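Enquirer: Take a look at the letters that make up each chain.
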Amino acid sequence: MALSNAIEIRNVVKRFPGPGGASDAAVVAVDHVSLEIRDGEFFSLLGPSGCGKTTTLRMIAGFEHPTEGEILIHGRPMGLTPPYQRNTNMVFQNYALFPHMTVGRNVAFGLQMKKVSKDAIERRVQEALAMVRLPDFGPRRPNQLSGGQQQRIALARALVNRPELLLLDEPLGALDLKLRKEMQIELKNLQKEVGITFIYVTHDQEEALTMSDRIAVMHQGKVLQVGSPTGIYERPNCRFVADFIGETNFLSGVVDGQDGDVVTVLAGDGLPIIVEAEGSYARGTQVTVAVRPEKIRLLPNPLKGSQNSFPCQVDQVVYVGTDTRFLVRLPGDIALTVRAQNVISTPDPSGYYSEGGGPVHAIWPSDAGRLLTD
Amino acid sequence: MTDASTTRQNNSLLAAIRRRPGLGVLALIFPSLFWLVVFFFLPLVIVFVYSFLKRGPYGQIVWEFNLQNYARFFDPLYLRVFARSFKIAGITTAVCFLLGYPMAYWMATRPPRWRNTLLLLLMIPFWTNFLVRTYAWILILRDSGLVNNALLGLGLISEPLPLFGNDLAIVIGLVYGWFPDMVLPCYAAIERLDFSLVEAAQDLYANELRAFARVIFPLTLPGVVAGSILVFIPSLGAYVTPDLLGGARSVMIGNVIQSQFLSVRDYPFGSAFSFVLMAMMLVATLLYFRVGGRTL
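Chains as they are written, first to last, in the numbering used here: chain B, 63 to 436; chain R, -7 to 288.
If you are wondering where the hints come from, they were derived from the structure by calculation, not from laboratory data.
If you're wondering where the values come from, they're calculated on a predicted model, not measured in any experiment.
Don't be surprised by glycine CBs; every beta carbon is placed ideally from N, CA and C.
It is possible that part of the hints are untrue.
[To be verified] Distance windows between CB atoms, simulated: (1) B/Pro201 - R/Phe204: 33 to 43 Å; (2) B/Gln147 - R/Phe32: 52 to 62 Å; (3) R/Leu6 - B/Glu417: 21 to 31 Å.
[Said to hold, decoys possible] A partial selection of chain R residues facing chain B, derived with a Cβ cut-off under 10 Å: (4) Thr109; (5) Leu111; (6) Leu114; (7) Gln194; (8) Asn199; (9) Val207; (10) Asp235; (11) Gly239; (12) Ala240; (13) Ile249.
[Unchecked claim] Covered by chain R, according to a simulated footprint, are these stretches of chain B (three or more residues, beta-carbon under 8 Å): (14) 160 to 174; (15) 374 to 385.
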C-alpha cells in the first residue's frame, strides 16, 4: 500500500443554498474538484478565505456531503457515511476541546466511543499526551491551558485514535508567529513519526510551503494547481497561483517569436523579454511573464548572452533586514521589484544602488521567468 | 444658598465618593436595598414571628411563643398535601422539560433571523391574564368542554374523559402556565453552545445520541437546571391553578396556606406552613444546584 491513494476526490461539487433560502441562487463552494492524495503524504489545501478548502475538508470528514461527485477513502466510496463512521479525525480551527471534561477525558473520548478496553485507553492516552510533550496534563481542564497547549491536546485527541487520515483545519491560525513556526516544524516531525496522511487546510502560503509534501492551490471553488512546494513556487501555472504564493513581477506583453523553448515577449512599448516555456505560442498572443523579485540581479554593467539585461532606474530602496527591496523602472515605464539578500552588512557603500543612483542593469536568465497565458 | 456654594457642596460630595469608592456603591444600591428590606424582608420577618404565635378564638394573634404550628405539619393530612404537591410539581417540571427542551433546541438552531420571531410567538399567549388563561382551560377540559365534546361527537368515546377536577388537570394547567420559564433558559443555553464541539464529538465516533448525551446535554445543563427551578418552585406553591382546575381532593400547599389565612383565619399556622414550604424549596434548590454544579 506504499503508493496507494489515501483519498480520492472525483469531480466533487458542493452547492449551498443561497442566503435567501431555497429560492435564492445556490452558492457553489466547491466546483468540480478532483484530487488524489497519497498514503502517508502531508497534503495542503491552500487558498484565500472562501476558496472552498474548508468545505472540501469538511466533506472528507463527513460533516458535509458532495452535491455531485464522489469521495473515496482508501478506495471505499464514502457516500453519505456520517463522520462517526469514518476513520478520519479532525483538528478544529478553535480546537473544540470539550470544556466540561479534563484533558485526559478529552483525549480518551474517541477511544471510549469505540469501546476500547479501559486499560488500553489509559495506556494510549498516556502515550498520546507524551507524544505531544504534555505528559502530566491529564487532570487539567482545557481552560487552564495556553493556546499552544490546547493545540497539542487537540492533536493528541485526534491522533490517539490512529486514524486513516488526519484532517487539520487551520490549526495554527490562533497562535502567535513564533509559536506557529515552532508548531509547524513539530507537526511535520510528528507526521513523519506517525506516518499518517495529513490533510492540512491553510491560507498561509509560507506554512504550506514549509510543511507540505504536496499542495493544492484553490481559488473560487476550483483547484488551480497541484504540486510540490518547489513546483508551486517555481512553476506556477497561472497568474493567481504566481500572485498568491510569494511575491511576483507580472510583465504583460505579446509573443514576438519562438526559438525552440525560448519565447520572446514584447512588453510595454517593445521591451524584448526572453523566457523559457513548454509548448508553442503563436506570434501576437497576449501573455504575462512572471518573474520572482529574488531571481533578478542588479548589476552596474549590462550582460551579454542568453539573459534578460535591461538598464533601469532605482526609484526606491527598502531595507527589510534579511533583504533589501528595490523598486526599479525599466524602459517603457515598467515597474519591477527586485529583492537582494543582504549578504554583506551594508549593501551599497558607494550609493550606486541608492535612490536616484545608477544607472543599473536588471538582469535575469530566461529560465527565471514563467510564461503565463491568463 | 448661592449657586457657588451648591456647586461646592456637590464637589465635596463627589470628592467624598472619590476618597471612599464604597460610598458610591452604597448610593447606587440603596434604592433597591431599601425596597427589598421594607417590602420583602420585613413582611417575611413578621410572618416568621407569627409562625411561633397562637391563634385566638376569633382568629386574632395571641402573643404566646410555641412550636405547635410546626408540629401540626406532621399531621398525616398535611404530609399528604405536601407529598402530592411535590409530586405534581415534579411531574410538571419533567413534562415541561420533555416538551420544552426539544422545542428550545429547535428554536435555537433555526437561522438567526427566525429566532426572535419564534421567541415572540412563544411569548404572545402569555400577554393574556393568567386567570383568564386558566379559565380557558376549564372550557377545554371540563366534561362538556371542547375536548370531550369533540371526542363524543366523533363517537370515539361514549362518556366524557375525566380531564377536569383532578391532578391531571392541575398538571396540564401548570405545564401550560410555566412552559416559557423552561423554554427560555434552555434556549439561551443551547443558543450559546459552540456547535463545533458537537462536530468534534461526531468526529470522535459519537453518533447523534451519544453526542447529545456526552456533549450537548452536559453543556446545556445549566439552562435545564435554571428552567427546572423556575418551573418547580412556582408549581410547588401554586394556588390559582389547583383552585380552578383541581377537584375538591386535589388540594396543594398553596391552597392550604390560602385557606388558613382567608377562611380559617389561623395566621400563625398559615405562616408556619409558608415557612416549611420555603425551607423545602430552599433545600430542593440547593440540592439541584449541587447536582448541576458538579457536572459543570
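Enquirer: Next, verify each hint and record whether it holds.
Expert: Cross-check of the supplied hints:
no.	hint	in the structure
1	B/Pro201 - R/Phe204: 33 to 43 Å	violated, 26 Å
2	B/Gln147 - R/Phe32: 52 to 62 Å	holds, 57 Å
3	R/Leu6 - B/Glu417: 21 to 31 Å	violated, 59 Å
4	Thr109	violated, 15 Å
5	Leu111	violated, 20 Å
6	Leu114	violated, 22 Å
7	Gln194	holds, 5 Å
8	Asn199	holds, 5 Å
9	Val207	holds, 6 Å
10	Asp235	violated, 43 Å
11	Gly239	violated, 45 Å
12	Ala240	violated, 48 Å
13	Ile249	violated, 40 Å
14	160 to 174	holds (count 5)
15	374 to 385	violated (count 0)
Consistency with the previously given hints fails for numbers 1, 3, 4, 5, 6, 10, 11, 12, 13 and 15, ordered from lowest to highest.
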